[in-house]
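Asks: Chains A and B supply the protein sequences, listed in that same order.
FYI, in this note's numbering the residues of the first sequence are -7 to 468.
FYI, in this note's numbering the residues of the second sequence are -7 to 468.
A few of these clues could be false.
Since the list gives no way to pick out one identical chain from another, each pair is judged satisfied if it fits inside one copy or across any two copies.
[Said to hold, decoys possible] Capping the alpha-carbon separation at 30 Å, the derived lysine-lysine pairs in DSSO-like fashion look like this:
#, residue 1, residue 2
1, Lys89, Lys27
2, Lys194, Lys89
3, Lys269, Lys431
4, Lys325, Lys348
5, Lys369, Lys457
6, Lys53, Lys373
7, Lys459, Lys302
8, Lys242, Lys332
9, Lys53, Lys293
Treat the hints as calculated values from the structure; they're not laboratory data.
In this text the structure is predicted, and so the values were computed from the model without any measurement.
Protein chains: 2
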Amino acid sequence: MAKEDGITVKKNEDMPEWYSQVIIKAELADYSPIKGCMVIRPNGYAIWQKIMDFFNERIAKMGVSNAYFPMFIPEAFFKKEAEHAEGFSPEVAWVEKKDEEGQKLALRPTSETIMYDSYSRWIRSWRDLPLRINQWCNIVRWEVSDVKLFLRSREFLWQEGHCVYETEQECDKEVMMILEEYRKVVEELLAVPVILGKKTEKERFAGAKYTTTMEAFMPDGKALQMGTSHNLGQGFAKVFGISFLGKDEKSHLPWQSSWGFSTRLIGAAVMTHSDDKGLVLPPRVAPIQAVIVPIIFEKTKDAVLKEAEKVKKELHDFEVKIDLREEYSPGWKFNEWEVKGVPVRIEIGPKDVEKKQLVLVRRDTGEKKIIKDSEVKMEVKQLLDDIQKSIYDKAKKFLEESTVKVDNWDDFMKAIGKRKLVLAPFCGEEECEDWIKDKTGGATSRCIPFNQEKIAGNCVQCKNKAKFWTYFAKNY
Amino acid sequence: MAKEDGITVKKNEDMPEWYSQVIIKAELADYSPIKGCMVIRPNGYAIWQKIMDFFNERIAKMGVSNAYFPMFIPEAFFKKEAEHAEGFSPEVAWVEKKDEEGQKLALRPTSETIMYDSYSRWIRSWRDLPLRINQWCNIVRWEVSDVKLFLRSREFLWQEGHCVYETEQECDKEVMMILEEYRKVVEELLAVPVILGKKTEKERFAGAKYTTTMEAFMPDGKALQMGTSHNLGQGFAKVFGISFLGKDEKSHLPWQSSWGFSTRLIGAAVMTHSDDKGLVLPPRVAPIQAVIVPIIFEKTKDAVLKEAEKVKKELHDFEVKIDLREEYSPGWKFNEWEVKGVPVRIEIGPKDVEKKQLVLVRRDTGEKKIIKDSEVKMEVKQLLDDIQKSIYDKAKKFLEESTVKVDNWDDFMKAIGKRKLVLAPFCGEEECEDWIKDKTGGATSRCIPFNQEKIAGNCVQCKNKAKFWTYFAKNY
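If we strip away everything but chain A, and leave its shape as in the complex, we get:
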């Protein structure tokens, strides 16, 4: 493998360049000639597909169905919910063509308004509730042109769920159920630990009653919002005219939730686990979980290939590839599969065939293990489970070590300066938060964790009474 095909910078020396190289060289994604946009290549899309499959199965059990709504949103819809309109207006891209009534059409930055217009016609009585719909689609937010692969782009893929309930209690309950499903996707599938909590008033979704969130912390000392689940209250129902006839024969406003995560999750997993050799993928989302590299010499070729096929068959429960290319050396192949993040490499040479053994190499630590070929299924299963667990544990340890609890402004500034995730007593006021952002050169509140310790004393900044412990950090 040529040197330029490997990663040429170190993770801890130039993380943005390292991150970009890991993604480009593992062929997860590519830059696009359209500024601010990215191409998701097959290796990256396969991860997204696994996330979609996992999540679809989970939400189907909750009674959520998938659907598809138009990408075009009439200007008048945006304007109906004032706070929502204001929140999104700087990022909205409009289409040149107007509709037949001469109305401007936006490309959806989120679909609350277009969906709730339909909901207002579909919901008549309590029999129609709860209504639980999700869609997988592309989203346009015309942000900065400086694309960060998977993390920030003008078009991205996501899912957005939009549910309607008879009561506030049901709505509250399912907002939290979804956040828990999100946690499973991120912690159990992607092996990225998260902190669950509520957004502050300032960071709340535009138009929501409250926003719950899961926040991860990246190795470069920046927080990354991984997904949010909102209780929208009754505000959208009111302006979109969604009401239902209750069992009491009276008309009521329903309660609504919305929730979304995006392809950004892939970026978080890549940045968290990968290393100076390239991509490290959690086995549960790896498109190839194990690659068999036969070591070919002319005389023993047949026996080695036969063994490789046998091992592949034995491993039919996993996603396994045999690398049969003859134009590359084994060493070249080892490097390539490391760059591409395949969790387990299985080497088979003539000596291994003789001794009825196999060499397993794990991607995360590089450890080698020689095993009996008869035990390959059990060994690979254990190894994949172990990699999944140990990359999570490593990330969890980093998260814990990066968290600094402070109770005064000096320590707060120092910790932010060291790119830490800072837990501090906070008053919750928007003005105070603006001031913190200003003074720290960009630190924002990430969440008010559900897991709250007892609080006494004053806000870390304004010295008014503190309401809750809150996480602050610079962020993506």
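Could you slot chain B onto chain A? The hints should help.
Replies: Chain B alone, transformed into the frame defined by chain A:
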């Protein structure tokens, strides 16, 4: 069930209104406040999901991977392939925002150009070929504002495959392999018979060397193009700078294919199979394959519900729902599930429990059958298979009966007047085809079937020498 919840017009009296009612009342889709757009509701999206799952599995076996490319296409890309640009320009919607270079951006009407720009960077040598990529995405074609649910809308969902090969032969071969996979989706999953063939010069895809197609014929006497698979030749490769270093160490232009089908397939299945009572769905794509309606009386309720649960468990290989709603009568429920197209209804009343029997009712014919409850699994399986086959056979018979073979202009005009699918000897010239369209008030060539009988004599219209038998019809 109230009369207005059922279908209020007959299929053979007002097909457009009937078609719209079937879809709206089965909740497959809905009109949207944005002119020319539609909402795909959960019942409709579940069918699309089944089509996606089936097709994804098939193309994965052919070595095709899924990916995702930007929706925005720079104006300059369109212009590169002149015929392609001209073919799509009337339908293109542009974004108000320009990119950083001041370039206009289109919403993709198809993705050849944006994908091939990336391909030009990804393909270096024969080792990178064949490259086979597919994407599932939304497409924008700013046509008439008069939406026809699933059949014609300004935004729709589709898949588009884009492959690159070393040789023309490989390309030809896989163009046909994909068409055969398309046939399977449509005939085997959706039970809609199709005719396979080539498009004429006039109907060929803009920029392709040739276009293969599958064409269905709707009960209102209009043909419907169900999917196309193109050999693009080397034209796009040339203008997008895609070349590869061959095994001969020389630079070569590759061959390319592209192929697509859309959510329109759902519309074709609905129109073909449904009847005056509402939706009829092919069992293989029905989101609910059998619905159990327990007949509840207070005294025997427990026994009936217990039996319903037992039957559902027995049928765990199928998608089965028990309708437990107490606020509706059994008769109301029967009607509702007929409107919604569930292939099999299972009625269980107290007498049935006593006699250890069940009543099965098939949606397509309305036939009732009393069976032993111990045989429900086998009986339901047979019934679903039988429905799948018999709705296909019925549609096939209609297609055959609608086809008229003619060899002179008088008969041609008569057959088109009777809304038939006309097979006629044709010269293949674009001018002649324009004339036919003009004189018939809109009949176009549908395809030159692969299945060609010997041809002699002259073109049905211009009297020049006929080249091939060609299908003509009015179309969607």
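Asks: Would you mind marking each hint as holding or not holding in the structure?
Replies: Right, here's what the structure says about each hint:
1. Lys89 with Lys27: Result: close both inside a copy and across copies, 22 Å intra and 12 Å inter.
2. Lys194 with Lys89: between (35 Å within a copy, 29 Å between copies)
3. Lys269 with Lys431: Answer is neither: 38 Å inside a copy and 68 Å across each miss the 30 Å cutoff.
4. Lys325 with Lys348: within (23 Å within a copy, 64 Å between copies)
5. Lys369 with Lys457: neither (59 Å within a copy, 67 Å between copies)
6. Lys53 with Lys373: The answer is both: 27 Å in one copy and 25 Å across copies each meet 30 Å.
7. Lys459 with Lys302: neither (63 Å within a copy, 54 Å between copies)
8. Lys242 with Lys332: So Lys242 and Lys332 pass the 30 Å test across copies only (29 Å; inside, 60 Å).
9. Lys53 with Lys293: between (50 Å within a copy, 27 Å between copies)
In summary, the numbered hints that this structure violates are 3, 5, 7.
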